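If you're matching them up, the sequences are chains H and P in order.
First residue of the first sequence: 1, per the numbering used here; consecutive thereafter.
First residue of the second sequence: 1, per the numbering used here; consecutive thereafter.
Keep in mind that the hints are not guaranteed to be accurate.
[Claimed, not checked] Listed next, with one range per pair, are the computed distances between beta-carbon atoms:
{"no.": "1", "chain 1": "H", "residue 1": "Ser-115", "chain 2": "P", "residue 2": "Pro-8", "range": "26 to 36 angstroms"}
{"no.": "2", "chain 1": "P", "residue 1": "Thr-5", "chain 2": "H", "residue 2": "Thr-72", "range": "32 to 42 angstroms"}
{"no.": "3", "chain 1": "P", "residue 1": "Ser-70", "chain 2": "H", "residue 2": "Asp-29", "range": "30 to 40 angstroms"}
{"no.": "4", "chain 1": "P", "residue 1": "Lys-57", "chain 2": "H", "residue 2": "Arg-28", "range": "20 to 30 angstroms"}
{"no.": "5", "chain 1": "P", "residue 1": "Asn-56", "chain 2": "H", "residue 2": "Ser-74", "range": "41 to 51 angstroms"}
{"no.": "6", "chain 1": "P", "residue 1": "Tyr-10", "chain 2": "H", "residue 2": "Tyr-64", "range": "28 to 38 angstroms"}
{"no.": "7", "chain 1": "P", "residue 1": "Ile-12", "chain 2": "H", "residue 2": "Ile-60", "range": "36 to 46 angstroms"}
{"no.": "8", "chain 1": "P", "residue 1": "Tyr-10", "chain 2": "H", "residue 2": "Asn-52", "range": "31 to 41 angstroms"}
{"no.": "9", "chain 1": "P", "residue 1": "Lys-57", "chain 2": "H", "residue 2": "Gln-8", "range": "44 to 54 angstroms"}
[Claimed, not checked] Result set (DSSO-like, lysine-lysine): computed pairs, CA atoms no more than 27 angstroms apart in a straight line:
{"no.": "10", "chain 1": "P", "residue 1": "Lys-13", "chain 2": "H", "residue 2": "Lys-3"}
{"no.": "11", "chain 1": "H", "residue 1": "Lys-3", "chain 2": "H", "residue 2": "Lys-70"}
{"no.": "12", "chain 1": "H", "residue 1": "Lys-38", "chain 2": "P", "residue 2": "Lys-57"}
{"no.": "13", "chain 1": "H", "residue 1": "Lys-38", "chain 2": "H", "residue 2": "Lys-3"}
{"no.": "14", "chain 1": "H", "residue 1": "Lys-38", "chain 2": "H", "residue 2": "Lys-16"}
{"no.": "15", "chain 1": "P", "residue 1": "Lys-57", "chain 2": "P", "residue 2": "Lys-13"}
Hints listed in this document are in silico derivations from the structure and should not be mistaken for laboratory results.
Given the structure is predicted, the values throughout are model-derived calculations rather than measurements.
No residue lacks a Cβ here, since even glycine has one placed at the ideal position from N, Cα and C.
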Amino acid sequence: AQKVTQAQTEISVVEKEDVTLDCVYETRDTTYYLFWYKQPPSGELVFLIRRNSFDEQNEISGRYSWNFQKSTSSFNFTITASQVVDSAVYFCALSGNPRDNYGQNFVFGPGTRLSVLP
Amino acid sequence: KAGVTQTPRYLIKTRGQQVTLSCSPISGHRSVSWYQQTPGQGLQFLFEYFSETQRNKGNFPGRFSGRQFSNSRSEMNVSTLELGDSALYLCASSSPRGQGNGANVLTFGAGSRLTVL
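So that you can see chain H by itself, here it is in the shape it has in the complex:
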């Protein structure tokens, strides 16, 4: 069975601090995909990144960076110089390789609520 664990339920930081959100996953698939989504207070989940299991290169996008380590089954997300607008719930998700032309079941972690204080 697939499982995603986000051990940090809530994190509070002061603006401009760096913060890392942890994500650990379990899967028996050899090909799988990892995602991060952001859910601001408005409720809509916003896609941030997708990674496949064969691409372990870290990625940086502005103040966001992701560290994928297959050896430890982790896909951590770091926000550098956090801002108040980063306050949201962040979800890590796992998906198996789609078996056909349409979608697939996503397994979401429980989410980490990040509060960035001014």
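With chain H held as given, fit chain P onto it using these hints.
Below, chain P without anything else, positioned relative to chain H:
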């Protein structure tokens, strides 16, 4: 282009009633998935539709059902509402990709927040 549109955004029902929620996917997206989000259970997969057919189903009782129309719009229905059905119901659409082209990115709507009294 327009995003995923869910209606209504908020609704209040009483136990025993039924409810229908609507989702209009992004133009060109033919796959629609539904998720239930509650504080206790987090995000849980309900079902997925593609080409008017249910392709995947989560572990929910038969009171939860859905359908998809020829224009890819989808509805979900919950009958005989229970207090525990109070939740944010999220719809997501995705563009079909051929096998081997990688996992689909889900684009979510803002959700329908259901309160059952």
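Evaluation of the provided hints:
no.	hint	result
1	H:Ser-115 - P:Pro-8: 26 to 36 angstroms	holds, 29 angstroms
2	P:Thr-5 - H:Thr-72: 32 to 42 angstroms	holds, 40 angstroms
3	P:Ser-70 - H:Asp-29: 30 to 40 angstroms	holds, 33 angstroms
4	P:Lys-57 - H:Arg-28: 20 to 30 angstroms	holds, 21 angstroms
5	P:Asn-56 - H:Ser-74: 41 to 51 angstroms	violated, 27 angstroms
6	P:Tyr-10 - H:Tyr-64: 28 to 38 angstroms	holds, 31 angstroms
7	P:Ile-12 - H:Ile-60: 36 to 46 angstroms	holds, 44 angstroms
8	P:Tyr-10 - H:Asn-52: 31 to 41 angstroms	holds, 37 angstroms
9	P:Lys-57 - H:Gln-8: 44 to 54 angstroms	violated, 31 angstroms
10	P:Lys-13 - H:Lys-3	violated, 33 angstroms
11	H:Lys-3 - H:Lys-70	holds, 15 angstroms
12	H:Lys-38 - P:Lys-57	holds, 24 angstroms
13	H:Lys-38 - H:Lys-3	holds, 19 angstroms
14	H:Lys-38 - H:Lys-16	holds, 19 angstroms
15	P:Lys-57 - P:Lys-13	holds, 25 angstroms
Consistency note: the structure conflicts with the earlier hints numbered 5, 9, 10.
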